[in-house]
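Work the whole structure out from these sequences, hints included.
Chain residues, written in single-letter form:
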Amino acid sequence: MSEIMGLKAKLGLDVFKHDKEPHIKIKPGMEKDPRLKRAVLVCPAGLYEENQDGEVELTIDGCLECGTCRIACGTEVLEWYYPTGGAGVQFRFG
Amino acid sequence: MEEKFDAIVVGAGLAGLGAAYTLAQEGLEVLLLERGDYPGSKNVTGGRIYLNPIRDLFPDLWKKAPFERHITQEGVSVMAGQRSLNISYRGEELEAEPYQSYSILRAKFDRWISKQAERKGVMLVSRSRVDDLIIENGRVEGVYAGGDELRSHVVIACDGVLSLMAEKAGLRKPGSAGQYGVGFKEIIELDSALINERFGLEGDEGAARLFMGEVTRGKFGGGFLYTNKDSISLGVVVGIKDLMEGPAAVQAPVLLDDFKQRPEIARLIKGGETVEYSAHVIPEGGLRALTKLSGDGILVAGDAAGFSMNIGVTVRGMEYALASGYYAAQAVIQAKAREDFSAAGLASYEAMLGDSFVMQDFKNFSEAPEALENHRIYSYYPELIGNVMRDMYSVPAGSKAKLFPTVKKYLGTGELWAMFKDMRKVMKI
Ligand SMILES: Cc1cc2nc3c(=O)[nH]c(=O)nc-3n(C[C@H](O)[C@H](O)[C@H](O)COP(=O)(O)OP(=O)(O)OC[C@H]3O[C@@H](n4cnc5c(N)ncnc54)[C@H](O)[C@@H]3O)c2cc1C
Numbered sequence: 000m001s002e003i004m005g006l007k008a009k010l011g012l013d014v015f016k017h018d019k020e021p022h023i024k025i026k027p028g029m030e031k032d033p034r035l036k037r038a039v040l041v042c043p044a045g046l047y048e049e050n051q052d053g054e055v056e057l058t059i060d061g062c063l064e065c066g067t068c069r070i071a072c073g074t075e076v077l078e079w080y081y082p083t084g085g086a087g088v089q090f091r092f093g
Numbered sequence: 000m001e002e003k004f005d006a007i008v009v010g011a012g013l014a015g016l017g018a019a020y021t022l023a024q025e026g027l028e029v030l031l032l033e034r035g036d037y038p039g040s041k042n043v044t045g046g047r048i049y050l051n052p053i054r055d056l057f058p059d060l061w062k063k064a065p066f067e068r069h070i071t072q073e074g075v076s077v078m079a080g081q082r083s084l085n086i087s088y089r090g091e092e093l094e095a096e097p098y099q100s101y102s103i104l105r106a107k108f109d110r111w112i113s114k115q116a117e118r119k120g121v122m123l124v125s126r127s128r129v130d131d132l133i134i135e136n137g138r139v140e141g142v143y144a145g146g147d148e149l150r151s152h153v154v155i156a157c158d159g160v161l162s163l164m165a166e167k168a169g170l171r172k173p174g175s176a177g178q179y180g181v182g183f184k185e186i187i188e189l190d191s192a193l194i195n196e197r198f199g200l201e202g203d204e205g206a207a208r209l210f211m212g213e214v215t216r217g218k219f220g221g222g223f224l225y226t227n228k229d230s231i232s233l234g235v236v237v238g239i240k241d242l243m244e245g246p247a248a249v250q251a252p253v254l255l256d257d258f259k260q261r262p263e264i265a266r267l268i269k270g271g272e273t274v275e276y277s278a279h280v281i282p283e284g285g286l287r288a289l290t291k292l293s294g295d296g297i298l299v300a301g302d303a304a305g306f307s308m309n310i311g312v313t314v315r316g317m318e319y320a321l322a323s324g325y326y327a328a329q330a331v332i333q334a335k336a337r338e339d340f341s342a343a344g345l346a347s348y349e350a351m352l353g354d355s356f357v358m359q360d361f362k363n364f365s366e367a368p369e370a371l372e373n374h375r376i377y378s379y380y381p382e383l384i385g386n387v388m389r390d391m392y393s394v395p396a397g398s399k400a401k402l403f404p405t406v407k408k409y410l411g412t413g414e415l416w417a418m419f420k421d422m423r424k425v426m427k428i
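Same order as they appear, the protein sequences are chains E and B. Take numbering that gives the first Met the number 0: the last position of the first sequence gets the number 93, and nothing is skipped along the way. Take numbering that gives the first Met the number 0: the last position of the second sequence gets the number 428, and nothing is skipped along the way.
By construction, these hints were calculated from the structure, which means they are not laboratory data.
Below, in silico cross-link-like pairs of lysine-lysine (BS3-like), each with a Cα-Cα straight-line distance of 30 Å or less:
{"no.": "1", "chain 1": "E", "residue 1": "K36", "chain 2": "B", "residue 2": "K259"}
{"no.": "2", "chain 1": "E", "residue 1": "K16", "chain 2": "B", "residue 2": "K259"}
{"no.": "3", "chain 1": "E", "residue 1": "K7", "chain 2": "B", "residue 2": "K269"}
{"no.": "4", "chain 1": "B", "residue 1": "K167", "chain 2": "E", "residue 2": "K24"}
{"no.": "5", "chain 1": "E", "residue 1": "K36", "chain 2": "E", "residue 2": "K26"}
Here's what the structure looks like:
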């Protein structure tokens, strides 16, 4: 699916603090799992994309830690943690 | 002997703050752990907080709390594709002190309450993610956080909607999509004088508006707008199941972009500058989706327990978070007096909640999730209402049809019967 207009810029307004490791990972072998494809629609930050081979890829930068992908896709396809203490998004308004 | 806290509270959202504040006030030793840079830095709401149900639980908090505006103007919009019906309500009770509700921004609000909690003696550690529970002989004995092993008589899980802590304690399973919504919103900065002019407000008066219909393209949910001091909170809430399965596939962020471009909205936020974009999951499963509230050495409060509800015209969770945190603390205070922190010793939590507005509300609105599942509410009726309005107000060249037949042409017997059935469901709310 094509990139959503202006979304990158919008995420660029938020304060993010870098984490050592991505806090959400697609479990190996699950890239084409139909459950994972739901993430493309539900992620408010548009961080999941389906590539030409039908695999879903995740870019963790810009993650709002909302939890939607964990609920939509489940923990069989995603390894899901919160970022380490002090890392990740830091809302100034919320 | 190693140090042992009376209670460790996981998460400094409103549930955790309410619990920690209450415990410290009674002189208990409480450690509050928050993964964000500061309390509120991970938290998102619409949002507005209603004070009446919780005013007396925290009598000292409200006078100086950093509210944005008190809400004096309520609005609902039914949005069809090209038109909308807007209802606006004002009443003198909304303009009289003590005010019923306020718009707030969580990063400011939670942080301020955390300062008051620290003053009462709460030991707050931010930038600290709890990684796991210490469970020995089936009993929760404390937490692991950033390599430290921290022990307490009780752990209060206030870690929000996903509550990984309650999962680890075996009190709940990962949530299913039908019982949750996702909300995403922008904070749009706008001069306060301009806000007052556009919404017809004075001073610190505020407006709250909800939008249903085209905003979510027929999916369960709606749009919201709250005025803050010098910004507007504008967002969309939509059921996760509907978002991933239809009707009408659309990527979540597109809904908010389209909403912003609606003429009804565009002119309200014109000239404003978006300064933040946030998102968060909301528990919407109601009474049937509540988790187990207690185990040996552990209590669950706030969104972690499922205490948030969407009844169409409002999403409410903040009062439930503060109140359930308060009652969890009261239960720990009683358990300490009896030196019994087992599930039985902590059972007064459920009893107190049961007697409070929290469980009463969840019982009163137990039918809401099912009644609101009806997709006709989000597409068919808004279009119908829009069309009736269009025909009622239009004056064509030539003669205008009589009013009653104008309305009636949309309402055949089959239609009326379907409406009657839908109405009966909605009337259960
Ligand atoms: C878009 C939207 C609109 C809403 N509108 C309204 C509204 O208008 N009115 C209303 O009353 N409610 C509204 N709600 C619901 C309301 O915001 C929630 O019910 C409320 O925030 C719940 O508070 P809480 O303290 O239980 O959870 P949270 O506020 O989520 O707090 C949980 C805390 O725990 C911390 N945490 C989580 N895991 C860990 C860990 N492992 N270690 C350390 N810390 C951890 C988090 O960082 C966070 O600070 C809305 C929600 C959303 C998303």
